[in-house]
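Spelled out from the first residue to the last, the chains are:
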Amino acid sequence: MNERKNKLISEKNHKAWLYLLPALLFLIAFMVYPLIDVLIYSVEEGYNFASQTYFGVGGYNFSYVLHDPYFLQALKNTFILVVITVPLSTILALLISTGLSSIKPLRDLYQTIYFLPYVTNTLAVGLVFMILFQKTEYTDGLVNLVIHFFGGSSVDFIDGPYWAKMFVLCFYTIWVVMPFKILVLTSALASVNPDYYKAAKVDGTPKLRVFTRITLPMISPMIVYLVITGFIGAFKAYSDAVALFGTDLNAAGMNTIVGYVYDMLYGDSGGYPSYASAAAIILFAIVLTVTCINLLVSRSSRK
Amino acid sequence: MEHPLTTEPPLTTETPETAEVSSAIQTKQKNTRRTALIQKAVIYFLLTIWALIVLFPFYWMVLTSVKSYGAYNAEHIPALFTLSPTLQNYVDAFTTVPLVGYLLNTLIFTAATTILMVAVSVLAAYAFARLEFRGKNLVFTLFLSLMMIPSELVVITNFVTITNLGLRSTFTGLVLPSVTSVFYIYLLKENFQQVPDELYRAAKVDGTSDLKYLWKVMIPICRPTIVTITILKIIECWNSYVWPRLITDDPAYYLVSNGIQEIRENGFGRENIPAMMAAVVVISLPLIVLFLCFRKKIMSGVSRGGLKG
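Going down the list, the sequences are from chains A and B. Every letter in the first sequence is one number past the one before it in the numbering used here, and letter 268, counting from 1, is 268. Every letter in the second sequence is one number past the one before it in the numbering used here, and letter 128, counting from 1, is 128.
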């Protein structure tokens with residue numbers, strides 16, 4: 001009897017692994033193995049892609065990347081992008097979803113509209129932003145026309161001064177990330193227990209106080225979540241920049257860290273998986289550090 | 001319904017004093033109602049501004065796509081509407097650049113990746129949710145920890161692997177590394193676990209095999225979640241850019257994201273922005289239609305933790 005039961009379990013054991021097998025194969029081949037491999041690549045010095053040989057092991061790849069002016073430019077761009085877009089988009093999303101929760105008619109319509117950027121192809125719609133902001137021989141572009149109207153002078157946002165380009169990149173990034181943030185915050189606001197609001201109403205608490213004393217604390221876990229995912233997402237920015245400035249981001253001076261990784265791997269400047277690995281690991285270290293700081297700050301502020 | 005008290009005389013007699021107080025209350029109420037109304041108006045105004053910011057690029061892309069090439073380039077000041085719309089740009093987009101090819105490639109890539117992903121995820125989620133085996137918790141924990149790995153870290157080796165296997169510019173090379181989604185397995189497993197144990201035991205008593213139980217009971221019950229992850233994966237595939245760009249040198253295998261980039265850089269032989277916008281409209285339309293059909297599903301799926309990219 002006992003033997004039979006054991007046999008049954010081991011047979012089940014065996015079957016369960018069969019169900020798991022496809023997923024395991026995919027994950028091991030395309031996630032676990034690459035993860036180990038990328039660490040190895042990053043310490044192999046002078047790796048040659050064609051002959052697959054290398055000279056030795058050490059930290060040279062990291063030092064090369066950290067001294068590469070293109071990487072430093074990418075680092076600077078990414079940090080500016082993160083510092084501007086993460087707080088701005090979170091605050092904007094908070095305002096919009098608070099407004100959205102306080103209305104009834106048309107709410108569904110607004111929600112649907114606000115979500116549209118999520119389902120659009122970043123590369124394709126980026127081209128629309130490009131022609132809106134671009135200045136060519138034929139036309140100054142619509143945005144410059146508006147600037148003219150308010151008495152400013154026109155700027156080429158796509159091929160012009162650094163801060164103009166950075167402005168468009170931040171603007172487009174915020175446009176792209178807003179749907180997710182609005183959606184998450186709106187559902188967080190909807191899940192706050194209405195009894196709190198009723199109690200506050202009975203006490204005659206002013207609206208601003210209700211917002212800072214009830215709403216914000218209740219949805220703060222979601223805000224923390226959005227800030228953390230926002231940081232991670234913004235550090236990995238790449239396709240927004242390609243959409244606006246084309247594939248040669250180094251020439252435009254608008255490369256990002258992820259863009260640098262891919263440029264090292266592929267294309268005219270590619271063929272250096274070791275440098276790409278080192279840069280990717282540096283990026284991962286930055287993201288990990290920032291996430292840990294975020295978690296620590298949010299935890300200590302809740303106490 | 002008539003109130004029994006209404007026929008009786010009022011309990012309080014109105015003195016001039018109380019009348020004054022009640023009118024003061026009335027004006028105060030009127031004031032608060034007015035401020036509430038103004039507040040509502042301001043909220044609607046601000047929400048509309050953001051809605052316009054979101055919608056304007058879409059309007060501009062459709063508008064530009066129906067302006068004729070000559071008319072567009074003659075406009076030093078871009079016109080906000082056009083009186084002579086033309087479909088010529090759409091004809092150009094379909095004939096002078098391989099837009100149909102890009103769309104077909106994306107369709108094949110999306111279908112293959114999504115079907116494989118759903119099959120693999122359902123099997124794995126079933127193993128985690130319903131079957132018993134040694135080391136289940138350990139394997140599941142390892143699975144979850146993989147969720148933290150950014151794709152940027154693994155893409156380098158995958159690029160080398162696929163290149164060495166000679167799978168560049170093939171659908172196999174495009175699809176294989178895009179199949180795995182730890183998050184969807186997790187989502188499905190949570191859903192599978194909500195199916196009551198009694199059903200499983202009853203099926204076992206009837207001698208139903210595990211696979212048949214999965215197919216006849218689990219999948220029908222959990223269909224909403226399966227539909228949700230399918231749609232989310234379709235969106236992800238349709239918009240994927242980085243991996244296809246790394247792995248396809250041959251424009252015959254370009255997906256729409258790379259295709260539009262190619263159109264932008266080498267496009268129509270000359271700078272033909274209206275035709276480019278027509279291509280952008282064609283590329284954007286399928287997902288927007290999908291979204292409008294499955295609005296509720298997509299939004300609830302995304303709010304459960306779908307992150308773009």
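Check the hints yourself; a few may be wrong.
[Stated by the list, open to error] Calculated lysine to aspartate or glutamate pairs in the EDC-like style (CA-CA distance at most 20 Å, straight line):
1) A/K76 <-> A/D195
2) B/K297 <-> A/D248
3) B/K216 <-> B/E190
4) A/K135 <-> B/D197
5) B/K297 <-> B/D210
6) A/K76 <-> A/D159
7) A/K15 <-> B/E132
8) A/K207 <-> A/D195
9) B/K204 <-> B/D250
10) B/K216 <-> B/E236
11) A/K135 <-> A/E44
12) B/K136 <-> B/E75
13) B/K40 <-> A/D248
14) B/K212 <-> B/D197
15) B/K296 <-> A/D195
16) A/K15 <-> B/E236
17) A/K135 <-> B/E265
18) A/K135 <-> B/E75
19) B/K216 <-> B/E198
20) B/K189 <-> B/D210
21) B/K189 <-> B/E271
22) A/K15 <-> B/D210
23) B/K136 <-> B/E236
24) B/K297 <-> B/E236
25) B/K28 <-> A/D248
26) B/K212 <-> B/E132
Simulated from the structure, these hints should not be mistaken for laboratory data.
Tell me the numbers of any earlier hints that the structure contravenes, in ascending order. Failing hints, ascending: 1, 2, 4, 5, 9, 10, 11, 12, 13, 15, 16, 21, 23, 25.
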